[in-house]
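So the sequence shown is numbered by my numbering: it starts at 1462 and just counts up by one.
Note that these hints are calculated values from the structure, not bench results.
Quick reminder that beta carbons are idealized off the backbone N, C-alpha and C, glycines included.
Keep in mind that the hints are not guaranteed to be accurate.
Cβ-Cβ distance ranges computed for the label pairs, FRET-style [to be verified]:
id, residue 1, residue 2, range
1, Lys1470, Tyr1490, 36 to 42 Å
2, Lys1465, Ala1485, 38 to 44 Å
3, Phe1491, Asn1464, 29 to 35 Å
4, Asn1492, Lys1465, 38 to 44 Å
5, Asn1492, Asn1464, 29 to 35 Å
6, Glu1463, Phe1491, 40 to 46 Å
7, Asp1466, Gly1486, 39 to 45 Å
8, Tyr1490, Tyr1468, 31 to 37 Å
9, Glu1463, Asn1492, 42 to 48 Å
10, Leu1467, Ser1487, 27 to 33 Å
11, Lys1470, Phe1491, 41 to 47 Å
12, Ser1489, Tyr1468, 29 to 35 Å
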Amino acid sequence: MENKDLYNKLMLLVFALIVILLCAGSYSYFNGSKSAPEIHSPVKDAKVLVLEEIMGRDLL
């Protein structure tokens, strides 16, 4: 009987944690995207540098 009570308390805790994480994720999804800062990707700059290096070799 004691193990069953412990199991029920643990499952209730896990269920509450899942609900909290789902609520936080949905709040972030619906409200966080409005004020998200723009993130510039370094990959775009790296492609430009590689292209310039290849073009420089062709010219030499």
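Against the structure, the hints:
Distance hint check: the CB atoms of Lys1470 and Tyr1490 are about 31 Å apart, inconsistent with the given range 36 to 42 Å. About 31 Å separates the C-beta atoms of Lys1465 and Ala1485, a value inconsistent with the hinted range of 38 to 44 Å. Taking the beta carbon of each, Phe1491 and Asn1464 are about 41 Å apart, not inside 29 to 35 Å as hinted. Look at Asn1492 against Lys1465: about 40 Å separates their beta carbons, and that is inside 38 to 44 Å.
The hinted range of 29 to 35 Å is not satisfied by Asn1492 and Asn1464, whose Cβ atoms lie roughly 42 Å apart. Evaluation of the 40 to 46 Å hint for Glu1463 and Phe1491 yields a pass: the beta carbon distance comes to about 43 Å. For Asp1466 paired with Gly1486, a C-beta distance near 31 Å fails the hint of 39 to 45 Å. The hinted range of 31 to 37 Å is satisfied by Tyr1490 and Tyr1468, whose Cβ atoms lie roughly 33 Å apart.
At roughly 43 Å, the beta carbons of Glu1463 and Asn1492 sit within the given window of 42 to 48 Å. About 31 Å separates the C-beta atoms of Leu1467 and Ser1487, a value consistent with the hinted range of 27 to 33 Å. Between Lys1470 and Phe1491 the C-beta distance comes to about 32 Å, which lies outside the given range of 41 to 47 Å. Our hint of 29 to 35 Å for Ser1489 and Tyr1468 holds, since their Cβ atoms are close to 32 Å apart.
The structure fails to meet hints 1, 2, 3, 5, 7 and 11 from the earlier list, while all remaining hints are met.
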